[in-house]
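Residue numbers (the working numbering), protein chains in the order written: chain A, 1 to 307; chain G, 1 to 296.
One should not assume that every hint holds.
List of simulated lysine-lysine pairs, DSS-like, C-alpha gap at most 27 Å [said to hold, decoys possible]:
(1) A/K205 <-> A/K220
(2) A/K220 <-> A/K210
(3) A/K132 <-> G/K20
(4) A/K69 <-> A/K82
(5) G/K288 <-> G/K20
(6) A/K132 <-> G/K288
Keep in mind that the hints were calculated from the coordinates and are not lab data.
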Amino acid sequence: MGRFIVIRLLQTVVALIGISLLIFVLARLSGDPTMLMRTPTTTEAEIVNIKQQLGLDKSQPEQYVIFVKNLFRGDLGESIIKRRPVTDMIGEALPNSLRLGITSFAVSMLLALLLGVLAATRRDTFLDNGVKFLAVLGQALPGFWVAILAIFVFSVYWHLLPTSGTGGPAHYVLPVGTLSFFLLPGMMRLVRSSMLDVLDSEYIKLARIKGLPERVVIWKHALRNALIAPLTTAGIIFANIITGAVILENVFNWPGVGRLSWEALVARDFPVVQGVTLLVAVLVLLVNLLVDILYAYIDPQIRYQQT
Amino acid sequence: MSAVNVMSGKGIEGSLRRAKIFQQLTLYIPAAVLALLVLAAIFAPFLAPYSPTKTALGQRLIPPFFIEGGSTAHLLGTDTLGRDILSRVIFGARVSLSVSLLVILITSTIGTVLGIIAGYLGGRTGTVLMRVTDVSLAFPAILIAILLAVVLGPSFKTVVLAISILGWAPYARLIRGEALRLREADFVAQARIIGSSPLRIMVRHIFPNIINPLIVIATLSVGLVILTEAALSYLGAGIPPTTPSWGAMVYDGRSLIDTAWWISLFPGMAIGLVVLSGNFLGDWLRDKLDPRLRQL
Numbered sequence: 001m002g003r004f005i006v007i008r009l010l011q012t013v014v015a016l017i018g019i020s021l022l023i024f025v026l027a028r029l030s031g032d033p034t035m036l037m038r039t040p041t042t043t044e045a046e047i048v049n050i051k052q053q054l055g056l057d058k059s060q061p062e063q064y065v066i067f068v069k070n071l072f073r074g075d076l077g078e079s080i081i082k083r084r085p086v087t088d089m090i091g092e093a094l095p096n097s098l099r100l101g102i103t104s105f106a107v108s109m110l111l112a113l114l115l116g117v118l119a120a121t122r123r124d125t126f127l128d129n130g131v132k133f134l135a136v137l138g139q140a141l142p143g144f145w146v147a148i149l150a151i152f153v154f155s156v157y158w159h160l161l162p163t164s165g166t167g168g169p170a171h172y173v174l175p176v177g178t179l180s181f182f183l184l185p186g187m188m189r190l191v192r193s194s195m196l197d198v199l200d201s202e203y204i205k206l207a208r209i210k211g212l213p214e215r216v217v218i219w220k221h222a223l224r225n226a227l228i229a230p231l232t233t234a235g236i237i238f239a240n241i242i243t244g245a246v247i248l249e250n251v252f253n254w255p256g257v258g259r260l261s262w263e264a265l266v267a268r269d270f271p272v273v274q275g276v277t278l279l280v281a282v283l284v285l286l287v288n289l290l291v292d293i294l295y296a297y298i299d300p301q302i303r304y305q306q307t
Numbered sequence: 001m002s003a004v005n006v007m008s009g010k011g012i013e014g015s016l017r018r019a020k021i022f023q024q025l026t027l028y029i030p031a032a033v034l035a036l037l038v039l040a041a042i043f044a045p046f047l048a049p050y051s052p053t054k055t056a057l058g059q060r061l062i063p064p065f066f067i068e069g070g071s072t073a074h075l076l077g078t079d080t081l082g083r084d085i086l087s088r089v090i091f092g093a094r095v096s097l098s099v100s101l102l103v104i105l106i107t108s109t110i111g112t113v114l115g116i117i118a119g120y121l122g123g124r125t126g127t128v129l130m131r132v133t134d135v136s137l138a139f140p141a142i143l144i145a146i147l148l149a150v151v152l153g154p155s156f157k158t159v160v161l162a163i164s165i166l167g168w169a170p171y172a173r174l175i176r177g178e179a180l181r182l183r184e185a186d187f188v189a190q191a192r193i194i195g196s197s198p199l200r201i202m203v204r205h206i207f208p209n210i211i212n213p214l215i216v217i218a219t220l221s222v223g224l225v226i227l228t229e230a231a232l233s234y235l236g237a238g239i240p241p242t243t244p245s246w247g248a249m250v251y252d253g254r255s256l257i258d259t260a261w262w263i264s265l266f267p268g269m270a271i272g273l274v275v276l277s278g279n280f281l282g283d284w285l286r287d288k289l290d291p292r293l294r295q296l
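Okay, chain G solo, but in the shape it has when bound (with noise of 0.2 Å):
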């Protein structure tokens, strides 16, 4: 270290020291947005001001306490039926939350039975789950979702089956990689030897060690999950009405854009603000755990 220091001076220390800063700064920001996304979750109804849904008609497109005809009472101002936006933002984040924690759940499920059969069983199944895989990576999730929603109506249940349908193939593809790996393992030919089963060695050795890509891969699929389901919600195959989506109330605000531009801003900056929270934890993540994974 003080051989470095004594050749390239001070410089290098300083430029160090700043790249730690900025090193801390894209992990702890993000961790404090996600955060304050759950609590927001589980405590709208004591953080919200307001009720989300309630409708005040003359309190009709108050812009928020910053602009000129603001007012605190309304923070973020209101929208075209008088609901208070903040209110309806703090809401939002359930539906994001929801759809995306069951999303993951379902698709990591589905995606690390398969990739481990496909990786470690390989053969014919392995082939055609790949194939299978393959197909469902490059078809746009988004005209399965509309699909859905034409033919089972849009609600809660339909977004999360519209996402999941295709969303388990990354998790697939990546956990078959890791499972082709193991399987060439010391310790999973000895299992073999000591005659456990395939289904014992794909439960007890290889599963435990694909848990940390595992975890890498499902912390960056938050953001394009929450992205997908906004779209959806915008398009009007998402959440239903009633209850307040992000992307619904964007949508609400798209015409208004030129005179109360806030009903639209304040949503989309949620949404931008979350995804990106989610990215960069997720590759903090993934060079903690997984550094291999780094080309991904």
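Bound-form chain A, shown alone (with noise of 0.2 Å):
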């Protein structure tokens, strides 16, 4: 077990190097930075001093190992539009995306398991066939379009809900509606699918056989083995969340990260987008560490596999 973690964090290191490297390359791809510093009455003289500043007029090895320098400081650079510290502009964001993604995760893992286990109980039963609809229409309909949908039916037509932005709990529901409604599909067919293959087991048969309540054989002894499976996706549940937060936290004008790379994008506010993307991919790959070890730890034949 030591051996497969300490393997596992070397690998997460390489791939940590290899994407500030790419994201460096990038960086620099997009043009001379302090050629959108330029005004009319600027000096060559003061390019010249702004580029000593930024250390631009040092070799690209010799950048990249700054850039790798500031980066353990907490230091992401800053806004070209706004002049403050990225690493500020996202600490002020980051717990707004937080919020909403975690109660979102929440919401759709608790559907997904009730609805996953329900589906693979009662099979092609009406609510079998609902739950497939439902998935159906969750992966093909498009986010940004249901969003706005949903703020016409809930909040001009009803006047039920804010239409956007942050304040008391009813600012909560649509937004967290609409993102639980795009991760439920998946999570719910694994469940569904995962619920479908233990009860086919040896053990569960043995269960019934010892004349335990159905209701203890699903909910407590078929469960918890049908979870094993979809732990493995944890790392693209993820991806989905930070997908649908980029493009709900729009609709809904919630001041997250996701808002914030929007803006980023709009005003080509390079450092910013370089911040956010920096940002998930330590999260992705430290989700997928996790994952990974979790796994290994649940099930020890993964271990000697992979070593």
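Relying on the hints, combine the two individually framed chains into one complex.
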């Protein structure tokens, strides 16, 4: 187990170096940053001065080393438009995104468990078909469009909920509802198919023969084992939450990291987009590392296969 | 068959027939929708009643024909600049179709090559390739796309590049599994024994046997590519504004949803319908060509 963790940690570090290099190269591709700061009265001497300040007069490898050093100090550079440290801007936006993401994850996970198990135990019934239909829609309809329609129906037409922004619990209903609607299909299908596999196994038959109530067999014995397979896809679910958040924070004017990166996109504010991408890259790698370790802990076969 | 009839009466036969009709509907309707998409994309200038970019300020915000105030001159109404929504939806098919065809061509090629190499050659190369695949699978493509749009500026090329950069990963993962399985097959072992080079085995023996799963996953990914493209256009990181694209049209109408809802509604419906059709067709192909993939 220790050896497995060390190998995975090393792989994660290598992946981080790879991603930081990629982003560094992209940053240089975006052109000379001093071009954006130039005004009609800027002299060549001033440009040289700025280049020196930003370290742009050094060689590319030296610049990369400085870039990485700054990263370790939590310095992601400064927004070209707002003239503020990117770290501060992300720090303000991140809690909002976390609130949205975690609530949506919890809601969709609970629903996925409930509906997935019910669909698996009541195969080919009205409920099973209904769940399938919901999954098909959730995988095909564009998120931003459903969100706009939801605003139209619930906020404009029925005046039930606020259209956008943050505030009380009512502000959560539409963003969390739509984000969950898109996280649900994938999770639900996984729970359903994994549950079907488990229900077929010998120990479930044994539990039934022992005379355990069906409720205990399904919600305790079967579900516990059916949850192992979906765990491997936690990384992909995480990516889906981020994708959904970037799009929906925008529709609902939710002041999170997704909204921040969109504003930066419109203003072509590269340091901010770079900072958000790096942060997400680190989070993605950490989530995957955690999932791998957890999975190896649950299933010893993985440990031996991959070391 | 007659034994079944005797034992269970006509109930089963009826539900079997219903299931068969349903199965055929989930094939023909999606196929028709996709055929319509291709036709609309190719013949857009002939099918569209108006130019998709011509503005007519006297004709602003006309509702669709079935609403009071609408007319059959503009079946789906007009937007804030008086542009005909139906014409724009028809021309929007071009963006969705061309982006998804190009992206699928690129990603399936890269994914297949890397997948076969990782699966057949294996070893250290295979392990490294699979780790890269895993990270790519878990990275949100939309952020890469935003990053690229900021660096290169939004354009057709940027969109295709941005979706392709990570899009090869699902292909690589699936094809690797297939190649791993085929590596142990008798005909591959025989090819090795008569001295075929690894390259020859991969091209002549492994590749022809992975074409079916490749077709299935390519079809299933049409929907995802179209959805991603639409999301990018919605965010303004997609095709620049003068070209009509469905995602950008939904964006145009978002602030007018309470009065002129048709601006956002119809392009969004077009996206949903096409993606739904692609997914259904992919499911059907999977059952036909490679039922083993069902679990995916």
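### Query
Which earlier hints turn out false for this structure, listed by number in ascending order?
none
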